[in-house]
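Model the full assembly from the supplied sequences, consistent with the hints where possible.
Line order of the protein sequences matches chains A, B and C. The working numbering applies: residue 1 is where the first sequence begins, and numbers increase by one. The working numbering applies: residue 383 is where the second sequence begins, and numbers increase by one. The working numbering applies: residue 585 is where the third sequence begins, and numbers increase by one.
It should be emphasised that the hints constitute simulated quantities derived from the structure, not laboratory data. Among the hints, a few may not be true.
[Unchecked claim] To give an idea of the interface, some chain C residues facing chain A are shown, with a C-beta separation under 8 Å as derived from the structure:
id, residue
1, Asn599
2, Lys630
3, Val634
4, Asp650
5, Val664
6, Gly667
7, Ile668
8, Asn672
9, His693
10, Thr733
11, Tyr849
12, Val856
13, Gln857
14, Thr860
Backbone N, C-alpha and C define an ideal beta-carbon position, used for all residues, glycine too.
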Amino acid sequence: MASKKRSRKELFAQGNDAVVEGALLSGCTFYAGYPITPSTEIAEGMAARLPYVPDGVFIQMEDEIASLGAAIGASLAGRKAMTATSGPGFSLMQEHIGYACMVEAPLVIVNVMRGGPSTGLPTSPAQGDVQQARWGTHGDHSIIVLSASNVQECLEMTVTAFNFAEKYRTPVILLLDEVTAHTRERLVIPEAGEVEILSRVAPSMPPEWYVPYEDGLRGVPPMPAMGSGYRYHVTGLTHDRNGFPTSRPDEVQALISRQFRKIDQFFYDIQLTESYLCDDAEVAVVAYGCVARSARLAVDLAREQGVRAGLLHLKTLFPFPRPAVEAVLRTCPRVVVPEMNMGQISREVKRVNNGLAAVRTVNRIDGQIITPQEILKPLLRG
Amino acid sequence: MPAIPIDRFEIRLSGLGGQGILTLGRILGQALALEHGYHVAQTQSYGPEARGGASRADVVVSSRPISYPKPVNLDLLVALSQEACNLYYRDLKGEGLLLVDADLVPQPPTNRFCALPFTALAREKLGNAQAMNIVCLGALVHVLPMLSLKAVKATLPAVLPAKIVELNLKAVELGSTRARKRYPDIATQWTFFSPTTTASMP
Amino acid sequence: MAAITELIHDYLRHNKKFPHVLCAGCGHGIVLGALIRSIHSLGLSKDDVVLVAGIGCSGRVAVYVDFNTVHTCHGRALTVATGIKMANPKLKVIALMGDGDALAIGGNHFIHAARRNIGITALVLNNSIYGMTGGQASPASPTGSMSTTTPLGQLERSFDVVDLGLACGAGYVARATAMHALLLGKLLEEALTRPGFCLVEVRTPCPTQYGRKNGFKTAVEMYRWYKERAVKRERWDSLPEDQRAQSFPIGVFRDAPQPGLEERYYAACSRVQEKTSCQQSQ
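Shown next as structure tokens:
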């Protein structure tokens, strides 16, 4: 590789840098944020780059509530917008995550998970915000939660997050952890045109025909940029198809069920998993984020010792990739779920298990990444 | 492919916040990854304080994709403070190498170690004690056969601010020369392809 | 009068079900009417006007008018408005907030929006109480006033919205009341044409929640109170101390606008972009 002439741009970069590259590649032109370890490099990267992007806007807000609020405003005004934060800031964002779901504002929220609760361990990794990402904001809602486990994946999943956000008109949460965000590895930046970039569908009918929240086959109404002539009302109140507040049970039901359906019916598009040596596995690991890397080494080590181990690496966390997990549960008598929390994805695995396999968990909450050896033990022991 | 095939070679650079440990890790990692074409995972761990707290950077190098990004069993430990040396020595393989700053680590926990006065060299020969991390990097160029002086020199301008590149190019030369003089045969001690990784795991 | 009504109908949403949510005697409708007249007389296109409201009675006002309207979360109108203005500086962004909205839950956003001088016209509809939730004390409730959460009378001091705006660096700061609709219209026109963060406080009566708990028998009494107590700023300045305590000033308190953040940001970006393209072409 040293001898080969580098055709594409290569960097030795952190996961956080890769998020910046992925966002810019996706056409993100708006970032609002507030500094917080260990996500700050994303804000710094966007602050350095966006002024050189045509119409690129970076703004540092007074807190994370305001950051997501500004991103929502920019999204309504037609921008691909994002923010990034970590634990305590993610807690502050919950209010606006619900608002973004309700008004169907496409945007990307990156949460670099650190040890918690509260201020916790600012410089150490954890995976404690998984269920918060799914259920953190009040009220029943559907949401897409993705994860990444290495630097290249940080770029890929950021692009995916923007694509899903735009395609389904929804906030998408990308969960990283301190290890993934701060590990430096080779990062290959694809050239424009090498990756698929999606953008929201704008209304094509004349403004006076436009019905802002009209249901259709996809359940995703076209979205105009504010100021383009399509004047409508945006509200966090439950609203009818015209966007006006309503409490009529039939209209409420129609709105909320459409918001669920627009994500759930495209389940197979959204579910991203990677299966490694699962086909003949007698024991499988289900893992995500940096722990999936430990798991991969553990699987290799187990195979060296004659145990047929496999790994199901979850990249989409929610909607929970049930079919992929069920396939593993059906074929592997034993399943191990290691995570840096007391069991947040393992409860999902157990929920879909229905007695198919023996599910064991490996949990660590001391701010240290789970080692391959810790995962290897339950793989070997039987 | 890189010149020397390697199966998980693990390096830890450790010391105090403010010594430039993280920068050292970044340059070492970038030179190995981008100039030599290895798979590299460079991670770091640090306390909340920017200065004076414990600081460490880990570099895992391999010819194959790296799954677990952190070191399991160190092949090389660089300790630039006594505290870091005491703390991390137990993570070093039996046949691993300990490299310390001769002045800052007055009591190495073993007889098998290499010591060079990085800080003193930087202060006396370069007039800038802050360049000690790059003097140390120079020593690593000699110690690690898979790392070339050329690669490090190509990496420095990409990572460091322009106004200190000149100084640090000198620092690399200095560290490399001193290490070669003091420990001429050190680079021959490595076996880079262990038959199995498992055997050596804790 | 008929002409004004027709004009206002032109700006209301024909497909939104009336009647509106506001009580009889509420001042919010007067404020909205003044806002519509100002926008009309400035000749702004409906497509270019964005009305961002918070939560509370004031928050419900936005839905009735035919602009781009956003009804945000409680206290967050200025955050969303900031995003919209930065994303598209051509839009005329108006943030419509209540006193609890802007000063309590949104107090931090308020002071920072003023500090960073984002090009937003901020209207604080100050009725000194949380009306929609049934009459609880707000940061603008006067000391001694009664509310459901201050059965002993308000013991805390209240914010002066104008002083706060001045202290935070807003370039245009003004106050009117719902009783002074023509003055209000004039102030709004000024605020809508100035660059940067412009603040207009409107003292507006809440007969249902504030009035009944504080000895105002009718809405008319409240309007009369505003008429008597509101004194032109120029005259108020020369009043003796004891009379000042019995009244409050209205008018313009600062008219020294500075270019808004969005203007300065885009200008700074084009400077660095030009520099880079120059370097590349060399």
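Evaluated hints:
The interface hint given for Asn599/C is met, as the beta carbon of that residue sits about 6 Å from the closest beta carbon of chain A, less than 8 Å. Using the Cβ-Cβ criterion of 8 Å, the hint placing Lys630/C at the interface with chain A is satisfied: the shortest such distance is roughly 6 Å. The beta carbon of Val634/C is positioned within 8 Å of a beta carbon in chain A (closest approach about 6 Å), and the interface hint is therefore held. Satisfaction of the interface hint for Asp650/C is found here, the shortest Cβ-Cβ separation to chain A being roughly 6 Å, below the 8 Å cut-off.
With its C-beta approaching chain A no nearer than about 4 Å, Val664/C sits inside the 8 Å limit, and its interface hint holds. Annotation: Gly667/C was flagged as interfacial toward chain A, and the flag holds, the nearest CB pair being 2 Å apart, inside 8 Å. Restraint check, Ile668/C versus chain A: the minimum CB separation of about 4 Å is within 8 Å; hint holds. A cut of 8 Å between beta carbons decides the hint on Asn672/C: the least distance to chain A is about 5 Å, and the hint holds.
For His693/C, the interface hint holds, the least distance from its beta-carbon to any beta-carbon of chain A being 6 Å, beneath 8 Å. With its C-beta approaching chain A no nearer than about 22 Å, Thr733/C sits outside the 8 Å limit, and its interface hint is violated. The beta carbon of Tyr849/C is positioned within 8 Å of a beta carbon in chain A (closest approach about 7 Å), and the interface hint is therefore held. Checking Val856/C against chain A: minimum C-beta separation of about 6 Å stays under 8 Å; hint holds.
With 8 Å as the threshold, the beta carbon of Gln857/C comes within range of chain A, its nearest partner Cβ sitting at about 6 Å, so the hint holds. Residue-level restraint check for Thr860/C holds (minimum Cβ-Cβ distance to chain A is 6 Å; threshold 8 Å).
Hint 10 from the list above is the single one not met by this structure.
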